[in-house]
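Asks: So you can see what is in the structure, the chains are spelled out below.
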Amino acid sequence: MNETKRPPQDEELLTPQGGGGGTGSTPMGLPPDSPRGIALPQVEPEGPGEGPSAATGGGEVGAPGMPAKKEASALRLLLTLALSGALVGALLVFVYLWSQPLILAYQAQVLAESIQEVLKGPDHYETVFVYEEGLTAELPPGVDSTALDRVYLGFDAQGHPVGFAVAGAEAGFQDVIRLIFGYDPATRQVLGMKVMDNKETPGLGDKIVKDSAFVGAFGGVEAPIVGVKVGRSTGAATEVDMITGATISSRAVIAIINHRIEALGALLEAYHQEHANGAGGGPGVEGRP
Amino acid sequence: MKHTTPQEDFLKGIWRENPVLVQLLGLCPTLAVTNSVANAIAMAAATFFVLVGSSFLVSLLKKFIPGEVRITTYILIIATFVTIVDMVLQALFPVIHKDLGAFIALIVVNCIILGRQEAFAAKHSVGRSVLDALGNGIGFTITLLLMGSFREVLGNGSFLGFRLFGDSFEPWVIMILPPGGFFTMGFILLGLGWWRGRKAERSEIRHWAHSLRAERKEGAA
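These protein sequence lines are chains H and L, in that order.
The numbering used here puts the first residue of the first sequence at 1097, with every later residue one more than the last.
The numbering used here puts the first residue of the second sequence at 10, with every later residue one more than the last.
Everything labelled a hint here was simulated from the structure, so no lab data went into it.
Treat the hints with caution; some may be incorrect.
Okay, the calculated beta carbon distance ranges per label pair [to be verified]:
#: 1; chain 1: L; residue 1: Glu17; chain 2: H; residue 2: Leu1183; range: 29 to 35 Å
#: 2; chain 1: H; residue 1: Leu1183; chain 2: L; residue 2: Pro103; range: 25 to 31 Å
#: 3; chain 1: L; residue 1: Ala111; chain 2: H; residue 2: Glu1358; range: 32 to 38 Å
#: 4; chain 1: H; residue 1: Leu1207; chain 2: L; residue 2: Ile151; range: 47 to 53 Å
#: 5; chain 1: H; residue 1: Leu1183; chain 2: L; residue 2: Leu198; range: 21 to 27 Å
#: 6; chain 1: H; residue 1: Ala1359; chain 2: L; residue 2: Asp176; range: 39 to 45 Å
#: 7; chain 1: H; residue 1: Gln1254; chain 2: L; residue 2: Phe174; range: 46 to 52 Å
#: 8; chain 1: H; residue 1: Glu1213; chain 2: L; residue 2: Glu17; range: 42 to 48 Å
#: 9; chain 1: H; residue 1: Val1322; chain 2: L; residue 2: Gly202; range: 37 to 43 Å
Part of the chain H face toward chain L, derived, beta carbon under 8 Å [said to hold, decoys possible]:
#: 10; residue: Thr1176
#: 11; residue: Ala1178
#: 12; residue: Tyr1202
#: 13; residue: Ala1204
#: 14; residue: Thr1223
#: 15; residue: Tyr1227
#: 16; residue: Leu1300
For glycine and all other residues, C-beta sits at the position ideal for the given N, C-alpha and C.
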């Protein structure tokens, strides 16, 4: 059934493309023009001009149409597709192998830069995993780290911890906003915030990245953060002015930070204290109210 | 099919048969990613590469591709080039790749590219097909640049990221939002239509004046 159905389909496909233009224009062009006595000499040179071109058109279209006339076998169709699929697949494997390390290196670089930024330039940092209700820098052997939640603890030149870089993601106005922020559990202060990924409205919501006053306001604000409308600020240390026209996006940024601190705050504090003492008895809690 | 010179194959896509401004093909990327000049350039470059590469391969392989599966094969070829562009952009220009997002992958279904394969590359020699693709690619690039310049200058007060106006300039945010794309496209097409109409009118007047003069001459004689 399929075999008999195919050829008419192809002819239907091919005829309008190739001959359609030519044959359509000649009957349409000639009859209305020929009765007009005066117009005829004008049309006359055009008619023959179009005729041959349409004829050659038909001839040339015959070339790609040829296989259709010859009725290419199903095996040949299958082979063509299988072969071309295999070839491009192999090609793409090579491109993938070449590009993947570069892509991963770039992502790692972006993360490292972001950590540097939100922790205000730590001397170095280490990755700390959230594992079995606690924080640990060294996982027991055999544990797959890829799926684990993690934070990054930054140290100053003397080896004192300066704060954690914590990544978070939640729904914004259009799509998930991914950001990273620095947090010092000792003072309960957010050190800095950087949006890493967002699809917020250009010109409005994306001000959460571009508005330096908003981004800067997260440096030194105390958690939990309260977002206030511009002009309503009471000067409290927990307040951040939200962006006019981007209330939902601003609120989402604040919510991400608050939720992450709420979830991890106690763990971070404990780990920080333990580490601050471990690193030479640094007074990690002096700033606490 | 008219016989054309290689020069015509190249030039027609740039202006007279411009894929976007005249044929109104490929409107989706034209409207979607022209909110800044940089994005317009990146999109145009990506499409340009895919178009030229696909036209080259399709015209080279046209004899081996059975008519029944030609569209499938064209799409396969186009998709391969798009995937390569996608990966290369992601590896070498990650910032641009992030901005263009899904629209790189959507080049696969760009009508300009498939249209050139079916209408031209499948019937012409390799050289001609590449010329045709180059012309159309340049035509597409010009349009995207035009759109991107208008929209970024008005909607963000900048060109390629450089601020053009002082702080007193209030950007027309709408111009870099989706409606701005439609506005810009509409006004460009309106202007083009007006210009064409005027040109046609003028040539008509000239024609009429010419025949009038000829008539007078005849009358004088």
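Asks: Now tell me, hint by hint, if it's right for this structure.
Replies: These are the hints, each one checked on the structure:
1. Range check, L:Glu17 to H:Leu1183: Cβ separation about 34 Å, and the 29 to 35 Å hint holds.
2. Range check, H:Leu1183 to L:Pro103: Cβ separation about 28 Å, and the 25 to 31 Å hint holds.
3. For the hinted restraint 32 to 38 Å between L:Ala111 and H:Glu1358, the CB-CB distance of approximately 34 Å keeps it satisfied.
4. As the Cβ distance of H:Leu1207 to L:Ile151 is approximately 39 Å, the hint placing it in 47 to 53 Å is violated.
5. Taken as a hint, the range 21 to 27 Å is violated for the pair H:Leu1183 and L:Leu198, whose Cβ atoms sit roughly 41 Å apart.
6. At about 41 Å, the CB distance of H:Ala1359 to L:Asp176 agrees with the hint of 39 to 45 Å.
7. The hint said 46 to 52 Å for the Cβ distance between H:Gln1254 and L:Phe174, and at roughly 48 Å that hint holds.
8. Taken as a hint, the range 42 to 48 Å is violated for the pair H:Glu1213 and L:Glu17, whose Cβ atoms sit roughly 55 Å apart.
9. For the pair H:Val1322 and L:Gly202, the supplied restraint of 37 to 43 Å is violated, since their beta-carbon distance comes to about 55 Å.
10. Interface hint at H:Thr1176: satisfied, since its Cβ lies 6 Å from the closest Cβ of chain L, which is below the 8 Å cut-off.
11. Taking 8 Å as the C-beta cut-off, the interface hint given for H:Ala1178 is violated, the closest approach to chain L being about 11 Å.
12. The criterion of a C-beta within 8 Å of any C-beta in chain L is met by H:Tyr1202, whose closest approach is roughly 5 Å, and the hint holds.
13. Below 8 Å, beta-carbon pairs count as interface contacts, and H:Ala1204 has none with chain L, the closest being about 12 Å; its hint is therefore violated.
14. Look at H:Thr1223: its Cβ only gets to about 22 Å from chain L, farther than 8 Å, so that hint breaks.
15. Interface hint at H:Tyr1227: violated, since its Cβ lies 31 Å from the closest Cβ of chain L, which is beyond the 8 Å cut-off.
16. Interface hint at H:Leu1300: satisfied, since its Cβ lies 6 Å from the closest Cβ of chain L, which is below the 8 Å cut-off.
In terms of the numbered hints stated before, the structure departs from hints 4, 5, 8, 9, 11, 13, 14, 15, listed from lowest to highest.
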